[in-house]
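Q: If you're matching them up, the sequences are chains A and B in order. The opening residue of the first sequence carries number 1 in my numbering; numbering runs sequentially from there. The opening residue of the second sequence carries number 1 in my numbering; numbering runs sequentially from there.
Dumping the calculated DSS-like pairs for lysine-lysine here, alpha-carbon to alpha-carbon at most 27 Å:
no.	chain 1	residue 1	chain 2	residue 2
1	A	K226	B	K21
2	A	K19	B	K135
3	A	K78	A	K225
4	A	K78	B	K128
5	B	K123	A	K77
6	A	K78	B	K132
7	A	K77	B	K135
8	B	K132	A	K15
Here are some of the chain A residues that sit facing chain B, going by a computed Cβ distance under 7 Å:
no.	residue
9	K15
10	S86
11	A88
12	T229
13	D230
14	D231
If you're looking for bench data, these hints aren't it; they were derived computationally from the structure. Backbone N, C-alpha and C fix where the C-beta goes; we use that ideal spot for every residue, glycine too.
Now for the letters of each chain:
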Amino acid sequence: MNTQRIGAIFEKDLKDFMKNMMLLMMPIIPIVLALIYSRLGGDEGLPIPMLYLIVGVTFSSVTASCMMTMMAEENEKKTLRGLMLSPASFLDIIIGKSLVVGLMSLVALAISLFLVGIEPFLNVQATIGLILLFLFFLFLGIGIGLFTKSIASTSAYLMPVMFLFGFTPMIDFLVLGEDNIAITIADLFPVMQLIKMHDTNSWTSIGIVAIWAIGAALFTYICFKKSRTDD
Amino acid sequence: MKHTIEVNGLRKVFDQNAAIKDVSFFVKPGEIFGLLGPSGSGKTTTIKILTGELGQTAGDVSVLDVNSHLFGTADFRSRIGILSDNSSLYERLTVYDNLKLFCQLYDAPLEQIDVMLDEVNLKEARSKVVSKLSKGMKQRVLLAKALIHKPELVFLDEPTSALDPGNAAHIHRGLQKLNEAGTTIFITTHDMEEATALCDRVAFLDKGEVQELGSPDTLRYKYSTHAFHVETFEDERLVIENESGNADKIRELIANGEVKSIQSDNPTLGQIFLKITGKELV
Numbered sequence: 001m002n003t004q005r006i007g008a009i010f011e012k013d014l015k016d017f018m019k020n021m022m023l024l025m026m027p028i029i030p031i032v033l034a035l036i037y038s039r040l041g042g043d044e045g046l047p048i049p050m051l052y053l054i055v056g057v058t059f060s061s062v063t064a065s066c067m068m069t070m071m072a073e074e075n076e077k078k079t080l081r082g083l084m085l086s087p088a089s090f091l092d093i094i095i096g097k098s099l100v101v102g103l104m105s106l107v108a109l110a111i112s113l114f115l116v117g118i119e120p121f122l123n124v125q126a127t128i129g130l131i132l133l134f135l136f137f138l139f140l141g142i143g144i145g146l147f148t149k150s151i152a153s154t155s156a157y158l159m160p161v162m163f164l165f166g167f168t169p170m171i172d173f174l175v176l177g178e179d180n181i182a183i184t185i186a187d188l189f190p191v192m193q194l195i196k197m198h199d200t201n202s203w204t205s206i207g208i209v210a211i212w213a214i215g216a217a218l219f220t221y222i223c224f225k226k227s228r229t230d231d
Numbered sequence: 001m002k003h004t005i006e007v008n009g010l011r012k013v014f015d016q017n018a019a020i021k022d023v024s025f026f027v028k029p030g031e032i033f034g035l036l037g038p039s040g041s042g043k044t045t046t047i048k049i050l051t052g053e054l055g056q057t058a059g060d061v062s063v064l065d066v067n068s069h070l071f072g073t074a075d076f077r078s079r080i081g082i083l084s085d086n087s088s089l090y091e092r093l094t095v096y097d098n099l100k101l102f103c104q105l106y107d108a109p110l111e112q113i114d115v116m117l118d119e120v121n122l123k124e125a126r127s128k129v130v131s132k133l134s135k136g137m138k139q140r141v142l143l144a145k146a147l148i149h150k151p152e153l154v155f156l157d158e159p160t161s162a163l164d165p166g167n168a169a170h171i172h173r174g175l176q177k178l179n180e181a182g183t184t185i186f187i188t189t190h191d192m193e194e195a196t197a198l199c200d201r202v203a204f205l206d207k208g209e210v211q212e213l214g215s216p217d218t219l220r221y222k223y224s225t226h227a228f229h230v231e232t233f234e235d236e237r238l239v240i241e242n243e244s245g246n247a248d249k250i251r252e253l254i255a256n257g258e259v260k261s262i263q264s265d266n267p268t269l270g271q272i273f274l275k276i277t278g279k280e281l282v
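Please model the entire structure based on the sequences and the hints provided.
A: Written out as structure tokens, the structure is:
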């Protein structure tokens with residue numbers, strides 16, 4: 001790992017991000033949603049599932065979406081090959097490219113949670129859960145961005161990612177019954193596991209989210225290796 | 001290091017179609033080596049294998065004494081420069097910002113940016129956003145990007161294809177200067193004038209095989225009929241074989257003041273390619 005190369009990629013991405021209106025608008029989505037939801041909670045504040053809905057929207061619409069778009073653009077315009085053919089390593093490129101999105105996600109999440117209530121997240125277990133959830137969405141975004149090869153095709157993947165992994169708590173509104181197969185599967189999804197963690201204080205939920213993050217990291221690594229050559 | 005590039009029995013198959021059948025050649029240190037061939041002859045596939053962008057199906061490839069399975073290492077990548085059809089620039093950033101990124105990735109001093117911009121005749125475009133540049137200007141920035149870290153070996157895939165003759169000549173002078181400083185250059189081109197002007201040796205690639213290899217002068221001599229083409233003031237064109245018996249005939253024409261021009265038969269590389277493969281180099 002080389003900090004100068006990571007810094008160079010970060011600096012380039014920050015300049016590029018600031019000139020890309022589409023990406024600049026992304027962090028506004030969760031903030032606006034949080035602003036609307038903040039009026040609903042009353043004195044008791046929002047319930048945990050609603051807070052995680054904001055978290056899920058932040059990570060899916062900012063982290064995964066921006067990362068997906070940035071990687072797909074690099075792939076489509078062949079600039080990624082230039083980075084891959086340089087002495088920069090896999091980690092230099094991934095970390096360098098994640099820093100800007102990480103920064104934007106952090107700002108959007110901090111503002112959103114400040115609006116709806118940050119207290120439930122101010123403990124070690126919840127913080128670790130949020131970091132793992134961030135990594136899951138980050139790797140998912142990078143992997144899909146590398147996999148799709150064009151910005152236009154990312155939209156086909158963005159919606160399923162947002163609805164499946166960002167809006168998972170919304171499944172409760174469908175009133176399907178606890179034994180329903182969709183509920184059983186959705187309960188294993190990362191955001192639902194973190195909601196469960198608040199009820200049970202169990203570290204098992206953190207472990208399951210970690211497995212999701214590792215799975216997404218592996219997906220990213222495989223896609224990166226495939227993008228490295230024309231084979 | 002005996003050879004900068006060494007290729008033996010190279011073969012590359014895509015979906016049961018052999019793009020490269022059996023290619024062997026070497027490039028000496030400090031040489032400008034040209035790989036010439038029409039579209040689809042396997043030039044770009046060869047350059048991609050040599051830069052690690054593609055794996056070979058069979059054969060041995062070694063570049064700068066590094067075996068092909070180590071082409072992904074940072075050390076190897078810092079020793080080569082690449083300009084290929086996969087080279088691209090960040091359109092929203094300025095020329096300076098693009099080159100600065102690659103300076104930092106290759107640990108090159110930032111002063112190199114202005115040196116390279118001067119080399120490619122683009123000093124005035126330093127602060128311009130890349131999306132506002134013409135195709136030819138972008139090509140020159142890509143060339144500056146490929147050379148910014150002073151690599152030992154440069155791979156250039158059709159480096160002047162988008163340039164006007166003036167800028168192409170400027171780039172040729174820059175490449176010759178770079179070569180004089182010790183950089184080995186591996187170039188693919190359609191342009192026979194470019195190959196003749198720049199290359200120490202060329203290889204003709206067709207149907208995935210090297211059809212001919214040698215210096216431009218050697219090849220031109222080899223494929224020459226060695227005859228003299230004489231044009232008289234009466235617009236008569238004579239072809240006189242280079243034989244001792246014809247010496248008096250030429251002397252007589254000159255003595256009588258009949259000769260408007262006299263040239264030896266020197267086929268161009270394009271004509272030689274046509275003769276060998278039956279194809280034009282387009």
